[in-house]
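2 protein chains.
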Amino acid sequence: MVLLRGLQPSCTRFNQSLFRNSSRAFSSACPDGKAIVVERHGNPQEVLKLVDVPGRTLKEREICVRMLAAPINPSDINRIEGVYPVGPPVPAVGGNEGVGEVIAVSEGVKNLSVSDWVIPVRAGLGTWQTFMIKEETDWCKVRKDVPIEYAATTFINPCTALRMLEDFVPLNEGDLLVQNGATSIVGQCVIQLAHLRGLRTANIIRERSDFQEVKQRLEGLGASGVFTENEAVSKEIGDLKGAKLGLNCVGGSAATAVMKLLGENGIMVTYGGMSKKPITVSTSAFIFKNIELKGFWLQKWMSHHSPMDLARMTDYLLGLVHEGKLTYQMEKVPFEEFNTALEKSLGKRGSVMKQVLTFA
Amino acid sequence: MVLLRGLQPSCTRFNQSLFRNSSRAFSSACPDGKAIVVERHGNPQEVLKLVDVPGRTLKEREICVRMLAAPINPSDINRIEGVYPVGPPVPAVGGNEGVGEVIAVSEGVKNLSVSDWVIPVRAGLGTWQTFMIKEETDWCKVRKDVPIEYAATTFINPCTALRMLEDFVPLNEGDLLVQNGATSIVGQCVIQLAHLRGLRTANIIRERSDFQEVKQRLEGLGASGVFTENEAVSKEIGDLKGAKLGLNCVGGSAATAVMKLLGENGIMVTYGGMSKKPITVSTSAFIFKNIELKGFWLQKWMSHHSPMDLARMTDYLLGLVHEGKLTYQMEKVPFEEFNTALEKSLGKRGSVMKQVLTFA
Chain A
1 MVLLRGLQPS
11 CTRFNQSLFR
21 NSSRAFSSAC
31 PDGKAIVVER
41 HGNPQEVLKL
51 VDVPGRTLKE
61 REICVRMLAA
71 PINPSDINRI
81 EGVYPVGPPV
91 PAVGGNEGVG
101 EVIAVSEGVK
111 NLSVSDWVIP
121 VRAGLGTWQT
131 FMIKEETDWC
141 KVRKDVPIEY
151 AATTFINPCT
161 ALRMLEDFVP
171 LNEGDLLVQN
181 GATSIVGQCV
191 IQLAHLRGLR
201 TANIIRERSD
211 FQEVKQRLEG
221 LGASGVFTEN
231 EAVSKEIGDL
241 KGAKLGLNCV
251 GGSAATAVMK
261 LLGENGIMVT
271 YGGMSKKPIT
281 VSTSAFIFKN
291 IELKGFWLQK
301 WMSHHSPMDL
311 ARMTDYLLGL
321 VHEGKLTYQM
331 EKVPFEEFNT
341 ALEKSLGKRG
351 SVMKQVLTFA
Chain B
1 MVLLRGLQPS
11 CTRFNQSLFR
21 NSSRAFSSAC
31 PDGKAIVVER
41 HGNPQEVLKL
51 VDVPGRTLKE
61 REICVRMLAA
71 PINPSDINRI
81 EGVYPVGPPV
91 PAVGGNEGVG
101 EVIAVSEGVK
111 NLSVSDWVIP
121 VRAGLGTWQT
131 FMIKEETDWC
141 KVRKDVPIEY
151 AATTFINPCT
161 ALRMLEDFVP
171 LNEGDLLVQN
181 GATSIVGQCV
191 IQLAHLRGLR
201 TANIIRERSD
211 FQEVKQRLEG
221 LGASGVFTEN
231 EAVSKEIGDL
241 KGAKLGLNCV
251 GGSAATAVMK
261 LLGENGIMVT
271 YGGMSKKPIT
281 VSTSAFIFKN
291 IELKGFWLQK
301 WMSHHSPMDL
311 ARMTDYLLGL
321 VHEGKLTYQM
331 EKVPFEEFNT
341 ALEKSLGKRG
351 SVMKQVLTFA
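For the protein sequence lines, the chains are A and B, in the order given. When we follow this note's numbering, the leftmost residue of the first sequence carries the number 1, and every step to the right adds one. When we follow this note's numbering, the leftmost residue of the second sequence carries the number 1, and every step to the right adds one.
Please keep in mind that the hints were generated in silico from the structure rather than gathered at the bench. Each hint should be verified, as a subset may be incorrect.
Where chains are identical, the list cannot tell them apart; a pair therefore holds if satisfied intra-copy or between any two copies.
[Said to hold, decoys possible] Once the Cα atoms are required to be at most 25 angstroms apart in a straight line, the calculated BS3-like pairs of lysine-lysine come out as:
hint, residue 1, residue 2
1, Lys289, Lys300
2, Lys134, Lys276
3, Lys348, Lys300
4, Lys289, Lys134
5, Lys300, Lys241
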């Protein structure tokens, strides 16, 4: 099985048995493992390499985590390409989010125990590997009563959705928010979190052959309305305008559509730019409509908040998952099939669901 | 003398003697006058008309104001063209700012007396006329120890400059702000008000043949640096970057230049769009640099504040004028030469100073 370009001979040992062995509990050592390493910045299909990571005895305060699942996020790709403004120097293990099980703790570890599920409290730790050795403070414990793919993805996308709903403008029951990219995981979370609060959502998605099917699915999550860009700016869309809050992860004309549905004094928060096109705004929107444009970046938010804040958020969000109130589409892919998952994440196979690597 | 297209025969009585007569104090009547009326929306050189306004006895709470001076502002032009979002229905007297002297008060007027200088507290009252009859509450008294052209123009531009410096971000001594359109009256006021507070200003102006001369003049007002757009985005401009506040009255590439000099978490306030081009922003500026874009419109500010707030502002600003700490370039033009002033204001004679009509 050819996993990645630049595969080293030592990687041929890579097989399922490694995962089976890894479920043993070690008291102070971490076993040998495998990692997807970003050798240099560039095309992800050319600069990633699967490498062996030798096991070792834990140092004080360190824990060994056997990874259970880790997604491939757009920002992971940007970091590999070198177009992300921050990140560890390369070579570095890829992946910035995931969930794992504690299988060994060293002396001095106070708040985590073997068998706990944990997620990294910050980006840059490298989650695309079978075992991670990091200090206790790099981790946040999460509940175990949810599917691993949700625990693995609760940080970056659902927390972003929650913060954008909470932190920019006071929203009361019945208030309207508008978003583009509504089929993204953040988009799906926004619909559901807003619905739980009695807010209405106007959702803008791309024109597509299965528009009606997607529309019905989003309405099933609680969307008040689902529109194409053209519909949003031209069609009679009833009372789904005058939004207090707009969320933009696309840019270009899709951002214009969001601003169109904003009401006076409305705020649009940009948290992504999937179209790679800038945002264009008329002078009169600022002066006469008094709209405000801001940005949101979870990494910046985290730099101002404690791991306890993260723990509270993930506990709330995973609680909703457990209760069946928060759901979103993902595709689980075995770690061994990383190349396929990467190809899909790069959009080489059309529109696909979020790819989540699983390690067991 | 042909004043305006569509001049009516009755207008031939219009001459200087009217102004001389008007300096008499009437106790309860306002004399005959003249007004520039916007007959319908359209090209200002085609839809304005000079009309006679018959005098009349004042009703309760009304005062009669003999206008002393009134500027032609860009927003006046926009209102005439019908591209401004608010304004009185036409036909209506043009002009939205100015200063006049109270020459008659009716019964029930408590806070104003004959010989007071007053300015309108809101737009839409029609200041391009020799005498105005309005209720006492439509006016705000101002100090008389300044030239009439400053009293006439203190509301819209200097107040806008002051509010933008005060209301958007806390600024401390040494902090930097960046603005485009720095030769505008707002721009000149920003430089001086910022300088008085110990703030530094980076000022962006158009490329022009007299660049060095203009640069020196703005530096004389307290500008820390004066640049063309190209210099602002490409040249080594020393430490004049990382601004906390940006002010944009141009749009297009000049707005991009302002955003370029903003620091992390910087705020750009748009208060005009002289280039008639929109503002274009990258996604990364919102996410990674965390800039915010907002708008300012004095008319909206006034709707949330009392005439007392306006009185305090104008007293402060005209105090600075009196002390020689606030100065800006204007050209006084007799009301009889309105056509010339209008032509200049429309940019038909190249770059000109603010035109201020004088009535005596």
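Now for the hints, and whether the structure bears them out:
For a Cα distance limit of 25 angstroms, the shortest separation of Lys289 from Lys300 across copies, 10 angstroms, qualifies, whereas the shortest one inside one copy, 29 angstroms, does not. Taking the closest pair of Cα atoms, Lys134 and Lys276 never come within 25 angstroms of each other, the shortest separation being 35 angstroms inside a single copy and 55 angstroms across copies. Taking the closest pair of Cα atoms, Lys348 and Lys300 never come within 25 angstroms of each other, the shortest separation being 31 angstroms inside a single copy and 50 angstroms across copies. Proximity of Lys289 to Lys134 under the C-alpha cut-off of 25 angstroms is found in neither arrangement, the shortest distances being 49 angstroms within a copy and 29 angstroms between copies.
In this homomeric assembly, Lys300 and Lys241 come within 25 angstroms of each other (Cα to Cα) only across copies, at 22 angstroms, whereas the closest approach inside a single copy is 30 angstroms.
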